[in-house]
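Asker: If you want the building blocks of each chain, they are given just below.
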Amino acid sequence: MNKSILILKREYLTRVKKKSFIIMTLLVPIMMAALTILPTYLAMMDDKEERTIAVYDPTSLILDKLGDQGYTKFHYIPEQEYNEVSKNFKSDKYYALLFIPTNILTTNQAELISDKQITFDVKNLVTGRIENIIEAEKRQQVITEIGVPDLEKKLASIKTNIKLNTIKVGEKGQAVKSSTELAMAIGYAAGFLIYMFVFIYGTMVMRGVMEEKSSRIVEVIISSVKPFQLLFGKIVGIGLVGLTQIAIWMILGSAILTGVTAFMGQGSAETAVQAQSIMSGGQAMSQMAAAAPAKENIVLDIIQMAGNLNIPLIIFSLFFYFIGGFLLYASLMGAIGSAVDSDEDAQQMMLPVTMPLIFSIIILFAVAKNPEGPLAFWASMIPLTSPVTMMVRIPYGIPAWQIILSMSLLIATIFGTIWMAGKIYRTGILMYGKKITLKEIAKWLFYKN
Amino acid sequence: MDLFQANNIVKDYAGFLALSSVSISVKEASVFGLLGPNGAGKTTLIRIINQITAPDSGELFFEGRPLKADDIYQIGYLPEERGLYKKMKVGEQALYLAQLKGMSKRDALKSLKYWFEKFEIQAWWGKKVEELSKGMAQKVQFITTVIHQPKLLIFDEPFTGFDPINTNLIKNEILELKKQGTTIIFSTHNMSSVEEICDHIALINQSRKILDGQIDDVKERFKTNTFEVVYRGEAPGMKHHSGIPFKILEHSETSRFNQMKIQLNDGQSNNELLGALMNQFEIVSFKELIPSMNEVFIHVVEESNRENKL
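These protein sequences, in sequence, are chains A and B. Read in the working numbering, the first sequence has 56 at position 56, and its numbers run on one by one without any break. If you want the working numbering, it's the 1-based position in the second sequence plus 1000.
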């Protein structure tokens, strides 16, 4: 046992001290943060340029209704100035010139003139504004035509937004407010995390075993320790490397996010105001106003619903399936690493082993959509797929017996797999220059020591 | 006293018989040569001694009592297939391997310092193994094999990868270790080094031990009563092979001396031979031709292969 710890320490320290590990561990949270923050930041940064658009509107339809939009200002000009400016447009005074033709109500066309390429944002903004105004105008005309009193109000009252509150009946019969979306999000994230972790670190175990075999150090080591101790120390050591990395990611990630949120808080509020002002005008305004309190409700709901999720169970099973899935796959990968001589052979042998893992990712969506279906049930019982699949299901709240059965099956299989891997490993690591077949490996299982 | 003993060891790899009732006993403070052609079963036997694999049947004794798991710390093993972690630093790695052999960190450091100084390789301590040449890595490996002062050392082809100077250095280290009382099992195909180092040998061929004994006894056993005689003058009578107790195998003449290789007939003594020769010519030198280990090896293995085929 003492020797296993020595091995574990080496496996752990050599990997944690590696430059690639340090870089990956520090870089990933920073990159993730950058990926989420940068677009927001850029969106905030974007278009702080003051632009004035000259508007000539002989129809007087939109006159004064455009209003200044953030950094984009509108300036109404008379016909005389329009004639002057339009003849030889130069963007020194105005960024662009907007011309509203008299027949706009029938043609739905207007002109935006500039000597530069109009930016996408400006084009969108102007189009949206004119659309809103013209639409309101047309509606007004229709309403006047039909002559039904209070038609506008009546039409407005038709507008419907349904919010479906999903209620799950708890064990004691009480109604528990649940969120399908929240359960799905947590399930997805957990399932995917386990998949990544098992795959990356399982492969690392395989590479480690192969390195010892191909560098020929393995025989020296197993003359001091039992092959099983070596494999065991390696698996646990590498598992701890993985846990270390994830712990650092979690700490760094949340630290960065907290920091950035605080920093960006003011900015994003500003963006929201800006967005609101862009949307403003007639009906859009009222919609936004209605949406704002609804948004607050969602946040409250999520907090409340998260409280209804069985958080301790989720965290416990996350760790359980994390470690269980890793032990299962790492021992299989270790066995493969011991049996092969070359990378090509390793790829080939890995395929049947990683197949169930990949399968569990393929069915992830189907499981999340129907966590009680037969596919979800069986995939969460079979130990090769259960770490990912069960983790997707657990946030939905599933019967305890299923979790217990799944976990027991996984534990039993881990013991079986480790025993098997140990057998293959002890023969495989000393076998050189032989093309290994599955039949050959099966034979090793029955070698006595 | 025998430090190590193996009795009737049998090992069968799912239908392939690697060792068939092999017994050896290794005397304390001696060098035991374990010889045999490729695939004979030497490595299997060595792995059994190291408890890397277990025999199907047979008994193993260490210091007169049955071999136990802890004895591994009393054994140092330099396998034929050997290597080091390429990305690990030399010193760190040597320390790790010494600790795996049960040394405390402090003892290991002290001991390593001694050996690194002795081999004048202190400068390598912080280097990665991949920066070393093969011979340099072999030196480090030799150190990690002997570092924990085991009672039994097993060297499997220890000289491969060394230049003649370093081969000599390692050879002297092995003899020095023997002088200090370490028992050594030495496996090689290099028969000249066997003659230089070994006290006792066992030869394994096709999973069976076919020869065992003190190296001088073994050579004595395989001598063919052949002599080399250098003489002056003519030996006309002998050319006719009449009335002499020996056969002439080869005959050559130079301007100064004549030389022949002769084989004594069965049942004749050396003195009779000398007497017969003295009558013929003036003897310059007379030497019995003892077979080299190389000849013994080839002779015995070929004979055993012939028998196995029948």
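I should point out that these hints are in silico values taken from the structure, not numbers from a laboratory. Built from N, CA and C at the ideal position, the CB exists for glycine as well. One thing to keep in mind: the hints can contain errors.
Here are the simulated lysine to aspartate or glutamate pairs, DMTMM-like style, with alpha carbons at most 20 angstroms apart [what the hints assert, rightly or not]:
id, chain 1, residue 1, chain 2, residue 2
1, B, K1027, B, E1303
2, A, K439, B, E1063
3, A, K443, B, E1092
4, A, K19, B, E1092
5, B, K1087, A, E152
6, A, K3, B, E1080
7, A, K18, B, D1012
8, A, K434, B, E1081
9, A, K434, B, E1092
10, A, K226, B, D1056
11, B, K1089, A, E211
12, A, K19, B, E1130
13, B, K1086, A, E181
14, A, K17, B, D1199
15, A, K226, B, E1081
16, A, K3, B, D1071
17, B, K1087, A, E211
18, B, K1127, A, E211
Examples of chain A residues lying across from chain B (beta carbon under 10 angstroms, computed) [what the hints assert, rightly or not]:
id, residue
19, R10
20, N132
21, I134
22, E135
23, I217
24, T427
Asker: If a hint holds in the structure, say so; if it does not, say that too.
Answerer: Here is what the structure says about each hint:
Between B:K1027 and B:E1303, the direct Cα distance comes to roughly 28 angstroms. Violation of the 20 angstroms bound is thereby established for this hinted pair. At most 20 angstroms may separate the alpha-carbon atoms for a hinted pair to count; A:K439 and B:E1063 exceed this at roughly 42 angstroms. Between A:K443 and B:E1092, the direct Cα distance comes to roughly 38 angstroms. Violation of the 20 angstroms bound is thereby established for this hinted pair. Pair hint A:K19 plus B:E1092 holds up; C-alpha atoms about 18 angstroms apart against a cutoff of 20 angstroms.
Between B:K1087 and A:E152 the alpha-carbon distance is near 78 angstroms, which puts this suggested pair outside the 20 angstroms criterion. With a C-alpha separation of about 24 angstroms, the suggested pair A:K3 and B:E1080 falls outside the 20 angstroms cut-off, and the hint is violated. As the CA atoms of A:K18 and B:D1012 are separated by approximately 43 angstroms, the hinted pair breaks the 20 angstroms bound. Of the pairs offered as hints, the one joining A:K434 and B:E1081 holds, with about 15 angstroms between alpha carbons and a cut-off of 20 angstroms not exceeded.
A distance of roughly 33 angstroms separates the Cα atoms of A:K434 and B:E1092; the hinted pair therefore is violated under the 20 angstroms criterion. Proposed proximity of A:K226 and B:D1056 is supported: the alpha carbons are some 18 angstroms apart, at most 20 angstroms. Between B:K1089 and A:E211 the CA atoms are separated by roughly 16 angstroms; this keeps the pair inside 20 angstroms, and the hint holds. Of the supplied pair hints, the one linking A:K19 and B:E1130 holds, its CA atoms being roughly 17 angstroms apart against a limit of 20 angstroms.
Annotation: proposed proximity of B:K1086 to A:E181 is violated, straight-line Cα distance about 50 angstroms (limit 20 angstroms). Distance restraint check for A:K17 and B:D1199: the Cα-Cα separation of roughly 48 angstroms exceeds the 20 angstroms cut-off, and the hinted pair is therefore not satisfied. This hinted pair checks out: A:K226 and B:E1081 have alpha carbons roughly 18 angstroms apart, not beyond 20 angstroms. This hinted pair checks out: A:K3 and B:D1071 have alpha carbons roughly 15 angstroms apart, not beyond 20 angstroms.
A hinted pair counts as satisfied when its Cα atoms are at most 20 angstroms apart, and B:K1087 with A:E211 qualifies at roughly 10 angstroms. A C-alpha spacing of about 19 angstroms is found between B:K1127 and A:E211, which places the hinted pair at or below 20 angstroms, so the restraint holds. Taking 10 angstroms as the C-beta contact cut-off toward chain B, the hint placing A:R10 at the interface holds, the least distance being around 6 angstroms. Of the supplied interface hints, the one on A:N132 is violated, with its beta-carbon coming no nearer than about 65 angstroms to a beta-carbon of chain B, more than 10 angstroms.
Restraint check, A:I134 versus chain B: the minimum CB separation of about 70 angstroms is more than 10 angstroms; hint violated. Checking A:E135 against chain B by beta carbon gives a least distance of about 69 angstroms; that is not within 10 angstroms, so the hint is violated. With 10 angstroms as the threshold, the beta carbon of A:I217 comes within range of chain B, its nearest partner Cβ sitting at about 5 angstroms, so the hint holds. The closest approach between the C-beta of A:T427 and any C-beta of chain B is roughly 9 angstroms, which is under the 10 angstroms cut-off, so the hint is satisfied.
In terms of the numbered hints stated before, the structure departs from hints 1, 2, 3, 5, 6, 7, 9, 13, 14, 20, 21 and 22, listed from lowest to highest.
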